[in-house]
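Asks: These are the residues of each chain, in order.
There are 2 protein chains.
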Amino acid sequence: MKAKSFGYIVIASSLAGLPTLGQAEWQALPEQAPVPADNPMSAAKIELGKTLYFDPRLSSTGTVSCNSCHNVMLGGDDNRDVSMGVHGKTGNRNAPTVWNSAFNASQFWDGRAADLEEQAKGPVTNPVEMAMKDLDTAIEAIRAIPGYEPMFTQAFGPDSVSEDNMARAIAAYERTLITPNSPYDRYVKGDREALTAQQLRGMEAFKQAGCVSCHSGPAFNGADLARDGGGLFMKFPLFTDNPYVERYDFMADQGRAEATGKAADEYMWKVPTLRNVALTAPYFHNGSVKTLDEAVRVMAKTQLNQELSEQQVEDIVAFLGALTGEFPEQSLPRLPGTPGFTIIQ
Amino acid sequence: MKAKSFGYIVIASSLAGLPTLGQAEWQALPEQAPVPADNPMSAAKIELGKTLYFDPRLSSTGTVSCNSCHNVMLGGDDNRDVSMGVHGKTGNRNAPTVWNSAFNASQFWDGRAADLEEQAKGPVTNPVEMAMKDLDTAIEAIRAIPGYEPMFTQAFGPDSVSEDNMARAIAAYERTLITPNSPYDRYVKGDREALTAQQLRGMEAFKQAGCVSCHSGPAFNGADLARDGGGLFMKFPLFTDNPYVERYDFMADQGRAEATGKAADEYMWKVPTLRNVALTAPYFHNGSVKTLDEAVRVMAKTQLNQELSEQQVEDIVAFLGALTGEFPEQSLPRLPGTPGFTIIQ
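In order, the protein sequences belong to chains V and F. Going by full-length UniProt numbering, the first residue of the first sequence is number 1, and it counts up by one from there. Going by full-length UniProt numbering, the first residue of the second sequence is number 1, and it counts up by one from there.
Bound-form chain V, shown alone:
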């Protein structure tokens, strides 16, 4: 199967505008995530968001929380090919990491949510994820837990338990989930000892091979390269005349087109961050590739039509390992209790 020509044209015209990679070619991760003007951060809001993020009672079975699939104790995902929601149901896409998701220009693999606030509402009612009948049901579940109301009041003012505020609080918490000070960041900031010789070779190979054309910017996700304000979308697989496409069943899912219905979006995907990529196996939208070295081989072939030497692959993998950052210490939240009754039916 060949890539459709319109897809290639879209990509080619995008690539044409990419000689620079934002302000600097290699950028460190900022110490703070960008915060939208209409959802300012506050300690009360972050604490509420964290509590909701860990609360499995936001799912129909009381067993699946945001953290179940986007596990902040791990690399912000679940190390599964596709995630497992209520009743063991599985979807068809690999859970993207929540770490540094605040630096994405849009959310979900297909970018169908503009921001973290919009994203946060999705899994709650997805029938194979948290499976609440609707957001009203989720809000009822929150109201049934007496301890939440005062937390909403502290974060948003009185009478503020609502789906929008639930999403705002979760998004605010997620904006604290960033991992600065990776070896790469320390190198970029001037510590020339921070990377090994192999990692430096990998960094150069990553650039020379062209990976950086899409995986650009501080989060290596092309968020600096706007398309409709949603960051960079790329066709995947772009080159289809190779054994990987069938082996890993890459074209069973049409990507962004499944959300938009537009032919131009067929096989278009949001470029994912490479931050902490060493921790987020397995890889690709369907989680079909188990190892990072194979992921590098596949990307080089399907996106850049290149065969890398094994040395180059190893070097690039070493460099990607240098994108594992420092995970902030967090306290375990106490979820408000349900004194004397249960919300689980």
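One should not assume that every hint holds.
To be verified - Here are the simulated DSSO-like pairs of lysine-lysine, each with C-alpha atoms no more than 27 Å apart in a straight line:
id, chain 1, residue 1, chain 2, residue 2
1, V, Lys-301, V, Lys-290
2, F, Lys-121, F, Lys-89
3, V, Lys-133, F, Lys-133
4, F, Lys-207, F, Lys-89
5, V, Lys-290, F, Lys-133
6, V, Lys-301, V, Lys-89
7, F, Lys-301, F, Lys-290
8, F, Lys-207, F, Lys-189
9, F, Lys-133, F, Lys-189
10, F, Lys-89, V, Lys-89
11, F, Lys-89, V, Lys-133
12, V, Lys-121, V, Lys-262
13, F, Lys-133, F, Lys-207
14, F, Lys-133, V, Lys-89
15, V, Lys-133, V, Lys-89
No lab work stands behind these hints, which were simulated from the structure alone.
Please arrange chain F on chain V, whose structure you already have, making use of the hints.
Replies: Structure of chain F alone, referenced to chain V:
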């Protein structure tokens, strides 16, 4: 259905020996849990145990950790009638709280595990819980995560990754999960303002009704009343000539007899702790009773053959609320990563 006479005889003879309730009638929770001589506590062991406790990769699907059903962010359970393990499978018993489980004289509803070490191995291979094929498979999963080996070495010395040490570490962590300084504890220690007038009435009603005959000792679990070293087992339901037995299907499960195969153990159950009971709805071995007030009514009728007044029920519920203790602040563990590969098949 009538209680079998041998059951009643067992209970009656137990009750005969219970005029005192340990050293003092009302006991505060100790600030430290008892620690067995062959598994001393250490910071490294506790940290390893906590990490394992939160690691869903100890389950066949990578989605269920100890914490999934015994959620320390909640009341140490999952607020479900019966827990939900891998693939949405359910067992037939309500998850006991992990909080203060170190004060139980034996573990599981039927006391089939002598201690926390033995208990910790059970759910890992239970096909409706974490569903690992066997403990060797679980240990292989741990070995596949490179970060665990040094943690075991720190806790137990070199070459120490084993099922026994996994269980020892988890048990050591669980011994830190205690909730002292409840209003009840403060009252018993001399703060006469710690309980409300209603709670004090409930405390007296709890004693007068006879609840304290079994729910004795600092954890209100009869652990001070030895039977084969396993604490107190009681027949439930003891009085069966009431509507509750059928309504809540109490006799579908034969309790301890299902583990021992002994007729004398039919419908015998370990007396559960009442610490934090206000947070652990629903109630009873099958989680069939949704509210604490109904649980009090049922217990009075099935175990003591008493009809409590609604005032007595409310007062006892208020007293039980005073058993909610202080939950220690904990840091969120970082689970060791799986760099460059995934263990999930």
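Asks: Evaluate each hint against the coordinates.
Replies: Now the hints, each set against the structure:
For the hint pairing Lys-301(V) with Lys-290(V), the CA-to-CA distance comes to about 17 Å; that is within 27 Å, so the pair holds. The straight-line distance between the Cα atoms of Lys-121(F) and Lys-89(F) is roughly 19 Å, inside the 27 Å bound, and the hint therefore holds. A C-alpha spacing of about 34 Å is found between Lys-133(V) and Lys-133(F), which places the hinted pair above 27 Å, so the restraint is violated. Distance restraint check for Lys-207(F) and Lys-89(F): the Cα-Cα separation of roughly 40 Å exceeds the 27 Å cut-off, and the hinted pair is therefore not satisfied.
Restraint check for Lys-290(V) and Lys-133(F): the C-alpha separation of about 22 Å stays at or below 27 Å, so the hint holds. With a CA separation close to 33 Å, the supplied pair Lys-301(V) and Lys-89(V) exceeds the 27 Å bound. Restraint check: the Cα-Cα separation between Lys-301(F) and Lys-290(F) comes to about 17 Å, which is no more than 27 Å; the hinted pair holds. Taken as a hint, the Lys-207(F) and Lys-189(F) pair is honoured in the structure, with Cα atoms around 18 Å apart against an allowance of 27 Å.
For the suggested pair Lys-133(F) and Lys-189(F), the alpha carbons sit about 48 Å apart, so the restraint of at most 27 Å is broken. Of the pairs offered as hints, the one joining Lys-89(F) and Lys-89(V) holds, with about 11 Å between alpha carbons and a cut-off of 27 Å not exceeded. Proximity of Lys-89(F) to Lys-133(V) is assessed by CA-CA distance (about 21 Å); at most 27 Å being required, the pair is judged to hold. The hinted pair formed by Lys-121(V) and Lys-262(V) meets the criterion: a straight-line CA distance of about 24 Å does not exceed 27 Å.
About 47 Å separates the Cα atoms of Lys-133(F) and Lys-207(F), which puts this hinted pair outside 27 Å; it is violated. Between the alpha carbons of Lys-133(F) and Lys-89(V) the distance comes to roughly 21 Å, so the proposed pair stays at or under 27 Å and holds. Distance hint between Lys-133(V) and Lys-89(V) is fulfilled; the C-alpha atoms sit about 16 Å from each other, no more than 27 Å.
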